[in-house]
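*Asks:* Residue numbers (our numbering), protein chains in the order written: chain E, 1 to 331; chain W, 1001 to 1223; chain H, 2001 to 2235.
Do not rely on the hints blindly, as some may be mistaken.
Subject to a maximum C-alpha distance of 25 Å in a straight line, what follows is the list of computed SDA-like cross-link-like pairs (lysine to any residue) [to be verified]:
no.	chain 1	residue 1	chain 2	residue 2
1	W	Lys1108	E	His83
2	W	Lys1061	H	Lys2072
3	H	Lys2072	W	Arg1189
4	W	Lys1108	E	Arg11
5	H	Lys2110	W	Arg1189
6	H	Lys2072	W	Ser1064
7	W	Lys1108	E	Arg117
8	E	Lys262	E	Gly283
9	W	Lys1108	E	Ser39
In case anyone wonders, no lab produced these hints; they're calculated from the structure.
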Amino acid sequence: MKFEIEARVRRATGFALDATIACEAVALGLVGPSGSGKSTLLDVVAGVEPGGRILLDREDVSALPMHRRRIGYVVQDALLFPHLSVRANLLYSPHASGLGDVPASLDIHTLLDRMPRHLSGGERRRVALARAILSRPRLLLLDEPFAGLDEARRREAMWLLARLRAQTRLPMIVVSHVAEEIVGLTDYAVRLEDGRVAASGPSTSVLRAGETGMDNYLVGTVVGEQRVRVDGVDLAAVLPPGASGDVRLACYGRDVILAREKPAAISARNCVETTVRSVERTGTLAMVELGAPKMRAVITSQAADALALEAGAPVVAIIKATAIAYLGGTR
Amino acid sequence: MNSIWLSITVGLAATLGSLPVAVAVAWFLERTRSGLRDLVQTVVMLPLVLPPVVTGYLLLKLFSPIGPVGRALSSLGTPVAFHWMGAVVAAGVVGLPLFVLMTAQAMKAIDPRYEIVSGSLGASRWRTFWRVTLPLTWPGILSGAVIAFARGLGEFGATIILAGRIPGETQTIPLEIYAELDAPGGERRILGLIVASVAIGTACVLASRALDRWYRRRLEIER
Amino acid sequence: MRSAVALACALLAACDRSTPAPPVAPSTPVSVFAAASLRELVTEIGDAWRKKTGQEVRIQFEASSTLARQIKEGAPADVFITAAPEWLDPVQVIERYDWLSNRLVCVVRKDVRDFDITRVDSLALANEQVPVGAYAKAALAHQGIKLPGRTIYGSNVRDVLSKVSQGGAAAGIVYATDAAVDPEVRVAFTLPEESHPKIRYAVGLLTENGRRFAGVLREAASRDAARRRGFVVIP
Chain E
1 MKFEIEARVR
11 RATGFALDAT
21 IACEAVALGL
31 VGPSGSGKST
41 LLDVVAGVEP
51 GGRILLDRED
61 VSALPMHRRR
71 IGYVVQDALL
81 FPHLSVRANL
91 LYSPHASGLG
101 DVPASLDIHT
111 LLDRMPRHLS
121 GGERRRVALA
131 RAILSRPRLL
141 LLDEPFAGLD
151 EARRREAMWL
161 LARLRAQTRL
171 PMIVVSHVAE
181 EIVGLTDYAV
191 RLEDGRVAAS
201 GPSTSVLRAG
211 ETGMDNYLVG
221 TVVGEQRVRV
231 DGVDLAAVLP
241 PGASGDVRLA
251 CYGRDVILAR
261 EKPAAISARN
271 CVETTVRSVE
281 RTGTLAMVEL
291 GAPKMRAVIT
301 SQAADALALE
311 AGAPVVAIIK
321 ATAIAYLGGT
331 R
Chain W
1001 MNSIWLSITV
1011 GLAATLGSLP
1021 VAVAVAWFLE
1031 RTRSGLRDLV
1041 QTVVMLPLVL
1051 PPVVTGYLLL
1061 KLFSPIGPVG
1071 RALSSLGTPV
1081 AFHWMGAVVA
1091 AGVVGLPLFV
1101 LMTAQAMKAI
1111 DPRYEIVSGS
1121 LGASRWRTFW
1131 RVTLPLTWPG
1141 ILSGAVIAFA
1151 RGLGEFGATI
1161 ILAGRIPGET
1171 QTIPLEIYAE
1181 LDAPGGERRI
1191 LGLIVASVAI
1201 GTACVLASRA
1211 LDRWYRRRLE
1221 IER
Chain H
2001 MRSAVALACA
2011 LLAACDRSTP
2021 APPVAPSTPV
2031 SVFAAASLRE
2041 LVTEIGDAWR
2051 KKTGQEVRIQ
2061 FEASSTLARQ
2071 IKEGAPADVF
2081 ITAAPEWLDP
2091 VQVIERYDWL
2101 SNRLVCVVRK
2111 DVRDFDITRV
2121 DSLALANEQV
2131 PVGAYAKAAL
2141 AHQGIKLPGR
2151 TIYGSNVRDV
2161 LSKVSQGGAA
2171 AGIVYATDAA
2181 VDPEVRVAFT
2191 LPEESHPKIR
2201 YAVGLLTENG
2211 RRFAGVLREA
2221 ASRDAARRRG
2231 FVVIP
């Protein structure tokens, strides 16, 4: 879906949202700290809050009242109608035409005759999601779909949403204050800070940048479309539009693959012929420091032995462009 | 005994008549962001703070049978002043503020986001009102109706001014009690009416509380 | 400023000389309970009394039956003037005398042309225990006039009058003196005297404090005032 969103909201508390988003994506991610305006932006898109110009696939929905926008809104608290059964909740929308296999695909088909107050939190969320899907929207808004879920349920939920996206190709905007959660789910991401867009671009570049604890931090210069020169070596990386000059990049050591020879017909954009500077074994893992670019590869000791890696040995470092995170400019 | 039956029918008619008004006003106050809300609330609350005879007087000026409105209504077959309808209007008007207050309170207790979710699922405001707001608030509305009924039933000042004391037509319990106070031997006759008044009033309060409890249970949701 | 005060004092002194100096005013006001139909007359007499003696007169006008009940329940009254002598019976009087009489009439709104009491759809009457209500009931029964479908009851004769005046009832039975007070109504017909018990206003003295005022009611000036307003003066 093509998103062209201009949201402007002024609150009595002094909070102001002023965000412009233009992109094309199946799933758009919206991240940022609490209070940065993510939920407000969703409200504007849904039509709860006036104050914006929203074009979805070139169609202006801003003039439409909320109930005609065909935008499903799944809020954090599920908000199932307490006086209706699950089945009645699911079929609430005037656009709903039968349940189909949606309940089964969300594993709620056994709950159809229960009342919302007898469901667990996770069950309620799934019912709320199914209810929104059954209203046949053109766009789905998910506000913090993973909030309050423990590890296991979060993975489950992510898997559900990923499968939903794959099967239905239903455009969605996913809001989360935890960027890592939705990196894999979304194509494009917007980071909000204090009501303004702080960064936007392909998810891996915008969202991975929030992650901490990477082993390799590099500085390079943009030399072309999606190309950066680091330590004299040209690397392909996913950069946000308009990135130029000196930039900071990062990646995980475990995302670096080593080989004895340059592979042919491989998807990885970076296959750099370099040399091993040092190898340090720590039990099952081996830290391999490389020459240029100056970075570390983390592989198993077994692999290091198999490749007979030692200081001075030639090696090919294979790094996916999507594994390299863009952290920003050097200023 | 006629006045007991009359009081109940007048009270029921007044409550039923003011029900849509109370619900509409409460919805307007609680669910819109109109700038007129303050004005509407002030006007609706007036009968609660004005002396009832003043309310009756203002209503009489409005519906006076020799005025334009009164004459038009008479020709349409529904005269108000000094008729049964006047007793109904007086009871309805004095009960309305409480009715609106309690209905608005019931609506306030419903998370407005239910209505947002309903809208996002494609339901118009009208559909949302009937399928979400009303089902969730109607026990609260009923509770307000019971109190409005009791209040209207007991109205004296506005009723005697707008409708006058017409036995069989507008002579409700309070009007008959007042008239009998001065009559020789009247106090004995009104004992039954007094007992009936207290009984009806008590029943209404108990009913209202029971409805409140039921209403709270209906909205229960584990968070 | 001081010259203005001086001027004011001079003016007041001048005014003071033009009216006869009042005798020492009794400090207690006299409390009068009077039948509703006496409103204008007794107010006029009370105003004259205050001017003459300086004594405050506090008058309450209501149906005689209502006033009698209030007195019985302890309302403070010095003089009680009823529209029917029997309403003095329930209260403790020191002295009493009959004072005035009146005529009973049927009134309609002034713009009503042809009026037929037998075909009227609504009639305003005072409550039965109110003197004029009792007189009216007796008169209608005597004349063989059946009560119409809708009878609207007023708590006193002025209440009845306003019902007719404001269109609440097509007609009402009040005293002739009341009809004269309201320009919106006219007399349709007068009930014959023999159709009802004699209308008698009776004055009851309840406390010594009211003696002087009760006395002035019998004086010529008061009777003249009554006659002017249409009351029948009993010799």
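*Asks:* Decide, hint by hint, whether the structure agrees.
*Replies:* Verification of the hints:
1. Lys1108/W with His83/E: Holds. Lys1108/W to His83/E sits at ~17 Å (cutoff 25 Å).
2. Lys1061/W with Lys2072/H: 36 Å, violated
3. Lys2072/H with Arg1189/W: 19 Å, holds
4. Lys1108/W with Arg11/E: Satisfied, since the Cα-Cα distance of roughly 22 Å is no more than 25 Å.
5. Lys2110/H with Arg1189/W: 39 Å, violated
6. Lys2072/H with Ser1064/W: Status violated; Cα separation ~37 Å.
7. Lys1108/W with Arg117/E: Holds: Lys1108/W and Arg117/E sit about 21 Å apart, inside 25 Å.
8. Lys262/E with Gly283/E: 28 Å, violated
9. Lys1108/W with Ser39/E: 23 Å, holds
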